[in-house]
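Enquirer: Construct all of the structure, not just a fragment, from the sequences and the given hints.
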Amino acid sequence: SLDNISTQFDFGNLSFAVTQASVEYQEFGGVNNFAVNGGSPIELLSLSSLPANIAPGITALVDDGVIMLSAADGFGISNFIIGGQELGIDNITAVPEPSLLVLVTVGGLLAVRRSCGRRAAS
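According to the numbering used here, the sequence shown is numbered sequentially starting from -8.
Hints listed in this document are in silico derivations from the structure and should not be mistaken for laboratory results.
Watch out, some of these pointers could steer you wrong.
Listed next, with one range per pair, are the computed distances between beta-carbon atoms [stated by the list, open to error]: (1) Gly65 / Gln17: 31 to 39 Å; (2) Ser37 / Asn4: 27 to 35 Å; (3) Ile83 / Glu34: 20 to 28 Å; (4) Asn(-5) / Glu15: 19 to 27 Å; (5) Asp64 / Phe19: 31 to 39 Å; (6) Ser37 / Phe7: 28 to 36 Å; (7) Ala63 / Gly21: 30 to 38 Å; (8) Ser6 / Glu34: 27 to 35 Å; (9) Ile(-4) / Ala63: 26 to 34 Å; (10) Ser6 / Phe66: 16 to 24 Å; (11) Leu5 / Gln76: 24 to 32 Å; (12) Ser13 / Asp64: 14 to 22 Å; (13) Ser(-8) / Asp64: 34 to 42 Å; (14) Ser31 / Asp64: 20 to 28 Å.
Even glycine gets a Cβ: it sits at the ideal position worked out from N, Cα and C.
Expert: What follows is the structure, given as structure tokens:
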């Protein structure tokens, strides 16, 4: 519960570049604020009124209590600020760029294949 405070989520020290981030929220009244990548906070009566182009190269989609941030090619999400007078948040998720997911998947498959090959040879 964020009552009359804001909090910043900083993805700068993660081992991957964040291209998508989401946060679930519940509003109970009052003014809210939101900012991405060090931009000036936007004050809103409802987070559902967030502008689609929330920051350079970053879009925001708000649907049924979830804010989804997406970065265009060549951009990333380094941080965001959220706060409000009577606001609850939950489940903050950061997603790496798609090419990193492919590399991790391929690496995992190779490790499983190698492990299975060793068992068969025993």
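Enquirer: For every hint, state whether the structure bears it out.
Expert: So, going through the hints one by one against the coordinates:
1. Gly65 / Gln17: 31 to 39 Å: With Cβ atoms ~34 Å apart, the hint holds.
2. Ser37 / Asn4: 27 to 35 Å: Because 32 Å falls inside the window, the suggested range holds.
3. Ile83 / Glu34: 20 to 28 Å: 21 Å, holds
4. Asn(-5) / Glu15: 19 to 27 Å: Since Asn(-5) and Glu15 have Cβ atoms about 20 Å apart, the given range 19 to 27 Å holds.
5. Asp64 / Phe19: 31 to 39 Å: 37 Å, holds
6. Ser37 / Phe7: 28 to 36 Å: 32 Å, holds
7. Ala63 / Gly21: 30 to 38 Å: With Cβ atoms ~32 Å apart, the hint holds.
8. Ser6 / Glu34: 27 to 35 Å: 34 Å, holds
9. Ile(-4) / Ala63: 26 to 34 Å: 31 Å, holds
10. Ser6 / Phe66: 16 to 24 Å: Distance hint for Ser6, Phe66 holds at roughly 19 Å.
11. Leu5 / Gln76: 24 to 32 Å: For Leu5 and Gln76 the Cβ distance comes to about 30 Å; the hint holds.
12. Ser13 / Asp64: 14 to 22 Å: 19 Å, holds
13. Ser(-8) / Asp64: 34 to 42 Å: This hint holds: roughly 36 Å between Cβ atoms.
14. Ser31 / Asp64: 20 to 28 Å: 25 Å, holds
Checked against the numbered hints given earlier, this structure breaks none of them.
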